[in-house]
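Chains A and B, in that order, are what the protein sequence lines are. Counting from 1, position 32 in the first sequence corresponds to residue 13 in this note's numbering; the numbering is continuous, with no gaps. Counting from 1, position 83 in the second sequence corresponds to residue 84 in this note's numbering; the numbering is continuous, with no gaps.
Derived from the structure by calculation, the hints contain no laboratory data. Take the hints with a grain of salt, since some may be wrong.
[To be verified] DSS-like mimics (lysine-lysine), calculated; alpha carbons at most 27 Å apart, straight line:
no.: 1; chain 1: B; residue 1: 182; chain 2: A; residue 2: 57
no.: 2; chain 1: B; residue 1: 176; chain 2: A; residue 2: 57
no.: 3; chain 1: A; residue 1: 57; chain 2: B; residue 2: 84
[What the hints assert, rightly or not] Quick list of the computed label-pair ranges, beta carbon to beta carbon:
no.: 4; chain 1: B; residue 1: 178; chain 2: A; residue 2: 32; range: 22 to 28 Å
no.: 5; chain 1: B; residue 1: 145; chain 2: A; residue 2: 5; range: 50 to 56 Å
no.: 6; chain 1: A; residue 1: 8; chain 2: B; residue 2: 91; range: 39 to 45 Å
no.: 7; chain 1: B; residue 1: 71; chain 2: A; residue 2: -15; range: 25 to 31 Å
no.: 8; chain 1: B; residue 1: 15; chain 2: A; residue 2: 8; range: 41 to 47 Å
no.: 9; chain 1: B; residue 1: 12; chain 2: A; residue 2: 5; range: 46 to 52 Å
no.: 10; chain 1: A; residue 1: 32; chain 2: B; residue 2: 123; range: 17 to 23 Å
no.: 11; chain 1: B; residue 1: 153; chain 2: A; residue 2: 50; range: 29 to 35 Å
[Stated by the list, open to error] Example chain A residues on the side facing chain B (calculated, C-beta under 8 Å, incomplete):
no.: 12; residue: -16
no.: 13; residue: -15
no.: 14; residue: 14
no.: 15; residue: 30
no.: 16; residue: 40
no.: 17; residue: 50
Predicted model, so just to flag it, every value in this text is computed and none were measured. Note that beta-carbon positions come from the ideal geometry of N, C-alpha and C, so glycine has one too.
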Amino acid sequence: MYAVAIVSVLATMFLAVSRAFAGPTVFDRILAVNTFGTATVLFISVYVFMGGRPDFLDLALVYALLNFIGTIAVLKFLQFGNLAVGGEDEGGLDS
Amino acid sequence: MTFVIDILLLAMLAATAITITRLRSLFAAAMLTGVYSFLSACWMTALDAVDVAFTEAAVGAGISTVIMLAALALTTREEKRPKHSRILPLFVVCATGAVLIYGTLDMPRFGDPAAPVHQTVAPRYLQSYEETHIPNVVTSVLASFRGYDTLGETAVVFTAGIGVMLLLVRSKRLKQDRKSKNNESEEPAQDNPKKKDPKNHIAENCIL
């Protein structure tokens, strides 16, 4: 069962990677990298259970957190051109 | 099963690396380094090097992509075509890789129980609870057996952090000084006409 799960996760990774290679716009690539991060979380979870050592699930948790924060940071950077901007000032650098 | 997983992961790693070298758009290359970092973390998990995968999670996946993007804001979005031929760099890279592979031929096989690293200090570390009274083996090595080493590393990281903070605070203060001087001399609304639409220019330039 773990084998089937891990093969499906690897197939998802392959699809996400090909979208990241091809992606015509920048947002395709960001979405592909985000999907790939989620697939990584799943891969690590399934892999540690397959190896019989579920205590390494912490690693998958760290990846889940970082993937979220990283995507937010990239998108914020694209929007404002700067990470040192508060969310409330809509104008970004103009203010 | 693990063999198939290893092959698939390594194939995707190689494909990502080759694509990064071939892409001209620097933004896409920065995003693909994120994919590369995720892949190498999967690969390190598959090799049972979970602590290295943890470090890769902290550094590679989150921070370095953002730092690459921040560097990208200071340069152009497209890589220029190289003027010199690419044969010599390719040759140097291939030669270095061949030397590295040749260097691994002498090493013991992966997971070999007869390897020197498992024969000399590792058994003592594993029995170290009587000596150090720390239940975690890795913590006992880092905090007790290599205590001075860890102290030195911490001092280095602390010094680097203080240096970066000093630089950042200084540049912020300079910027504030300049701003207040501008406010005194003329109207602040027209002091920098270049920055008229900074919000959208990165997104526009990045769409390929």
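Against the structure, the hints:
no. : hint                       : in the structure
1   : B:182 <-> A:57             : violated, 30 Å
2   : B:176 <-> A:57             : holds, 22 Å
3   : A:57 <-> B:84              : violated, 35 Å
4   : B:178 <-> A:32: 22 to 28 Å : violated, 58 Å
5   : B:145 <-> A:5: 50 to 56 Å  : holds, 55 Å
6   : A:8 <-> B:91: 39 to 45 Å   : violated, 33 Å
7   : B:71 <-> A:-15: 25 to 31 Å : violated, 41 Å
8   : B:15 <-> A:8: 41 to 47 Å   : violated, 26 Å
9   : B:12 <-> A:5: 46 to 52 Å   : violated, 24 Å
10  : A:32 <-> B:123: 17 to 23 Å : holds, 21 Å
11  : B:153 <-> A:50: 29 to 35 Å : holds, 30 Å
12  : -16                        : holds, 6 Å
13  : -15                        : violated, 11 Å
14  : 14                         : holds, 5 Å
15  : 30                         : violated, 12 Å
16  : 40                         : holds, 6 Å
17  : 50                         : holds, 6 Å
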